[in-house]
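Residue strings, one per chain:
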Amino acid sequence: MTTATETPKTSVSLAERLRVPGAFLLGAVLLLGVAPLALSDFRLSLLAKYLCYAIVAVGVSLAWGRGGLMVLGQGVFFGLGGYAMAMHLKLADAADTGQKLPDFMQLYGTSDALPWWWKPFANPAFALAMTVLLPMAVAAVLGFLVFRRRVKGAYFAILSQALAAALSIWLVGQQATTGGTNGLTDIQGFFGYSLDDPVNQRMVYFVIAAVLLLLMALARQLFVSRYGELLVAVRDSEERVRFLGYDPANIKLVAYVVAAGMAGLAGALFVPAVGIISPALIGIVPSIGFVIGAAVGGRASLVGAVLGAIAVAWAQSTLSDEFPAAWTYLQGLLFVLAVGFLPGGLASLGAVLRRRRTSKAPAAKEPVAMTVGETA
Amino acid sequence: MTVVLNQTFTGISIGAVLLLIALGLTLTFGQMGVINMAHGEFIMAGAYTTYVLQKSISSAGVSLLVALPLAFLVAGAMGALLEWLLIRRLYTRPLDTLLVTWGVSLMLQQLARDIFGAPNVQTAAPDLLTGNISVGGVTFANNRLFILGLALLCVLGLTLVLRFTSLGRRIRAVVQNRDLAEVSGIATGQVDRITFFIGSGLAGVAGVALTLVGPIGPTMGTNYIVDAFLVVVVGGIGQLRGAVITAFALGVLQSVLEYSTTVSVAKVVVLVAIVAFLQWRPQGLYTLRTRSLA
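Residue numbers (my numbering), protein chains in the order written: chain G, 1 to 376; chain P, 1 to 294.
FYI, nobody ran anything at the bench for these hints, they're computed from the structure. Predicted model, so just to flag it, every value in this text is computed and none were measured. Note that beta-carbon positions come from the ideal geometry of N, C-alpha and C, so glycine has one too. A few of these clues could be false.
Partner residues are not named here, just some residues of chain G that face chain P (Cβ under 8 Å, in silico) [claimed, not checked]:
(1) Leu142
(2) Leu145
(3) Ala157
(4) Leu163
(5) Ala166
(6) Gln174
(7) Ile288
(8) Leu333
(9) Val339
(10) Leu342
Listed below are several chain G residues computed to face chain P (Cβ distance under 7 Å; list not exhaustive) [what the hints assert, rightly or not]:
(11) Arg149
(12) Val151
(13) Ala154
(14) Tyr155
(15) Gln161
(16) Ala165
(17) Ile169
(18) Trp170
(19) Gly173
(20) Ala217
(21) Arg220
(22) Ala325
(23) Thr328
(24) Gly332
(25) Gly340
Counterexamples of contact, computed for chain P against chain G with all Cβ distances above 10 Å [as the list claims (entries may be wrong)]:
(26) Thr2
(27) Gln7
(28) Leu73
(29) Leu128
(30) Gly149
(31) Thr159
(32) Gln176
(33) Val213
(34) Ala249
(35) Leu257
(36) Tyr259
Okay, chain G solo, but in the shape it has when bound (with noise of 0.2 Å):
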C-alpha cells in the first residue's frame, strides 16, 4: 500500500529518493553476489529452485496482492513454461545422442514418428518465446471470457483452481506424448551445456537470480505507475471504477496475463534448475503453494511476497525431511496464523506492532484492504 498511494512530493529526503534503488542494490549483491560465494553447489542449486518460485510470487503479487485476483493455478502457467522448455532441452538431448525419439517415448510411444505438436519444439527460439507467449495466450483466453462476464471473486479462484486439475490430469492421462505422472526427466543439457557440470549449475542460478531482479523491477514499475494505481482501485472497489468510466475487465486482464507470462517463465527456469517437470508440480496443492509463500510474506509488498516465497520453499525442503509429521502441522498452522490474522503478511508485522505501541485503541484500518467489493 504504502507504494502505490505515494504521491509525488516536492521535497524529498535524499533517504526517502534513495530507498528503492537502495533495497533493489541491496538485492542484487546479495544474489549475485554475497549467494554464489557463500553458498556450495548443492545449496546454491537449491536457491535456485527457491527464487523460481519467488519469480511465480513476484507476479502473484501483482494480480492478487494488487489487483485481489485469487490466482489459484498459477501451476498451470508454471507447467506451460516448464513443458515447452524441457520438451526443447529433451528433444536436444536425442539429437545430441542420435536418437530420432526422447527417451521416455521409446519406452511407452507407440509410434516412432514425433507428435506434431511436439516439432516446432525442436528450435530453441520458437521454445523460448513459447514458455512465455504461451501461459499468456492461455491466461489471456480464460481471462477474457471470465472477466468480461464478470465473473469474479470466488467463481474465480475455482474455476482458476479446476484449470490446474485439469492440466495435471491431462498430463498424466497422455503418458505416450507427455511423459505421464513421471513428467519429464533426466534432462542433461541446457542449450549445449551440460547440466552436469557444476559450473553449469551455477550460470544457471545466475540467469535465474538475474531474471528474478529484472522481474521485481518490472512489477515495481507497474505497481507505482497509473495502471497500478488503477488496480488497487479494482480491487478495493470494482464498480467505482466502473463508474469513473474505465473497464475493469481489462484492467484484471492484463494484471492477470502479466503474472501468467512470468509463472511461465518460472517454470521454464524451474527445468534446467531442477531438471525435472512433472504434473505433481503444477496441479492443485503446489498451485496452492505459490499463493502461500506470498501471503505469508505479504501479498501486496513485492519484496514481501518474494521473500515469503522464498522462506516457505526453503521450510519446505529443509524441514519436511527431518520430521515430516511436525512440518505439515507446522504448515498448516502457518498458513492459519499468517492469513487469518495478520492479512498484510509478515511484511505488516511491523506497522502492526508499532501501531498496537502507539495506540492502545483497536485498529481504525486493517493494514491490507481486501476484498471490499468482493463479498457478493
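Since the structure of chain G is already known, use the hints to place chain P on it.
Positioned in the frame of chain G, the structure of chain P alone reads:
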C-alpha cells in the same frame, strides 16, 4: 441402447456422490461466501467414523446404519468448531478463508495419518449392498442405488428444513440479505454456526457413502472437493435445485465423455464446458435476484 443406459446410470451415480458433497457446500458457500477447503476432510472424518464403528460393531449392516447419524454429528461438530474458531473472524475477507481452511485441511490430513496410518483402509459393505439388480440388460449396482437414494433423501430432508421450519426461514433470510436479517432480529452468528454444522454434517454423510465405493484414506477428500465446488458454481450459489441439476448433469456428461474418450480428456472437456456455460450464465444456473451491484 443398453450401453447408453448403463453409462447414464454410471453418470447418475457419479452425480449422486457429487450431489452429497456439494449439498453441504451450497449451504456454507451460499450463506457466507466461505470457500471451505476443509470440507473434504469432513468427508474423510465421516468415512473414518464408519471404519472405526465397523471395527467395534463388526456387523457391516448395523455399523453402516449407526454410522450415518454419527458421522453427521462428528463432521458437523468439527465444522461448527471450525466456524467458531476461525471462519467467523474472516467474514469481511471471504477469499482468505480458502487459504486458512486449506491450512486446516493440511493439519486434519496429518492428524488422520497419525491416528490411522498413511495407507488406505477398507470397510466391508453389508451383503445386501454388494449385489446387482438387472433390469432389461441394464445393471444397477446395489451400493450405487443406495448412494443415489441417500443423496435424494438428503436433498428432501434439507428442502423440508429450509422451506418449512423457522430455522430454515432464518437461514434463507441470512443468505438473501445478511444485514436486513440482522436488523430484523435474527442472530446471524448463531444461524451461521448451525448452517455450518448442517453443511459439514452432510459432508460426513457423504463420507459414509464413499466407503461403499472406494478406499478410505487421509487424502480422499481432496479428490472430490474441486468437482464439488464446480457443481456449486454452476448451480448457483445457495441454490439447492441448481446443485441437484448440475450434479447429475456433470456426472452424466463426465461418464459419457469417459466412455467415448478417456478420463483425462473428459476432465478437460467438462471444464471447458463449464467456462462456456458461465459465459451464458455467469451467476450459475439459478440466481438469487438481489439489488446488490456485485
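Verification of the supplied hints:
Using the Cβ-Cβ criterion of 8 Å, the hint placing Leu142(G) at the interface with chain P is satisfied: the shortest such distance is roughly 7 Å. The restraint placing Leu145(G) at the interface with chain P holds, with a minimum CB-CB distance near 6 Å, inside the 8 Å limit. Because the beta carbon of Ala157(G) sits about 6 Å from the nearest beta carbon in chain P, less than 8 Å, this interface hint is met. The interface hint given for Leu163(G) is met, as the beta carbon of that residue sits about 7 Å from the closest beta carbon of chain P, less than 8 Å.
A hinted interface residue such as Ala166(G) counts as satisfied when its beta carbon comes closer than 8 Å to some beta carbon of chain P; here the least separation is about 4 Å, so the hint holds. Interface restraint check: Gln174(G) against chain P, minimum CB-CB distance 7 Å, threshold 8 Å, status holds. Here the hint on Ile288(G) is kept, as its CB sits about 6 Å from the closest CB of chain P, short of 8 Å. Among the interface hints, the one on Leu333(G) holds; its C-beta lies about 7 Å from the nearest C-beta in chain P, closer than the 8 Å criterion.
A least Cβ separation of about 4 Å between Val339(G) and chain P falls short of the 8 Å threshold, and the interface hint therefore holds. Taking 8 Å as the C-beta contact cut-off toward chain P, the hint placing Leu342(G) at the interface is violated, the least distance being around 11 Å. The restraint placing Arg149(G) at the interface with chain P holds, with a minimum CB-CB distance near 4 Å, inside the 7 Å limit. Interface restraint check for Val151(G): the shortest CB-CB distance to chain P comes to about 5 Å, inside 7 Å, so the restraint holds.
The closest approach between the C-beta of Ala154(G) and any C-beta of chain P is roughly 5 Å, which is under the 7 Å cut-off, so the hint is satisfied. The closest approach between the C-beta of Tyr155(G) and any C-beta of chain P is roughly 5 Å, which is under the 7 Å cut-off, so the hint is satisfied. Restraint check, Gln161(G) versus chain P: the minimum CB separation of about 6 Å is within 7 Å; hint holds. With 7 Å as the threshold, the beta carbon of Ala165(G) comes within range of chain P, its nearest partner Cβ sitting at about 5 Å, so the hint holds.
Taking 7 Å as the C-beta cut-off, the interface hint given for Ile169(G) holds, the closest approach to chain P being about 5 Å. The beta carbon of Trp170(G) is positioned within 7 Å of a beta carbon in chain P (closest approach about 5 Å), and the interface hint is therefore held. Look at Gly173(G): its Cβ gets to within about 2 Å of chain P, closer than 7 Å, so that hint holds up. Given hint, Ala217(G) at the interface with chain P, is violated; its Cβ is 28 Å from that chain's nearest Cβ, farther than 7 Å.
Taking 7 Å as the C-beta cut-off, the interface hint given for Arg220(G) is violated, the closest approach to chain P being about 25 Å. With a cut of 7 Å, the hint placing Ala325(G) at the interface with chain P holds, because the nearest CB-to-CB distance is about 6 Å. A distance limit of 7 Å between C-beta atoms decides the matter here; for Thr328(G) the minimum to chain P is near 4 Å, and the interface restraint holds. The beta carbon of Gly332(G) comes within 4 Å of a beta carbon in chain P, closer than 7 Å, and the hint placing it at the interface holds.
Taken as an interface hint, Gly340(G) checks out: its beta carbon lies about 5 Å from the nearest beta carbon of chain P, inside 7 Å. Separation of Thr2(P) from chain G is adequate, the least Cβ-Cβ distance of about 27 Å exceeding the 10 Å criterion. Gln7(P), annotated as away from the interface, keeps every beta carbon of chain G farther than 10 Å; the closest lies near 19 Å. Residue placement check: Leu73(P) keeps its beta carbon more than 10 Å from all beta carbons of chain G (closest about 24 Å).
With a cut of 10 Å on Cβ distances, Leu128(P) stays outside the contact zone with chain G, its closest approach being about 35 Å. With a least beta-carbon separation of about 29 Å from chain G, Gly149(P) lies farther than 10 Å from that chain, consistent with its non-interface assignment. Distance check for Thr159(P) against chain G: the nearest CB is about 24 Å away, which clears 10 Å, and the non-interface claim stands. For Gln176(P), the non-interface assignment is confirmed: its Cβ lies about 13 Å from the closest Cβ of chain G, beyond the 10 Å cut-off.
No Cβ of chain G comes within 10 Å of the Cβ of Val213(P); the nearest lies about 19 Å off, and the non-interface call holds. The claim that Ala249(P) lies off the interface holds: its Cβ sits roughly 16 Å from the closest Cβ of chain G, which is beyond the 10 Å cut-off. Residue-level check passed: Leu257(P) sits 12 Å from the nearest beta carbon of chain G, beyond 10 Å. For Tyr259(P), the shortest C-beta to C-beta distance to chain G comes to about 15 Å, beyond the 10 Å cut-off, and the non-interface label holds.
In summary, the numbered hints that this structure violates are 10, 20 and 21.
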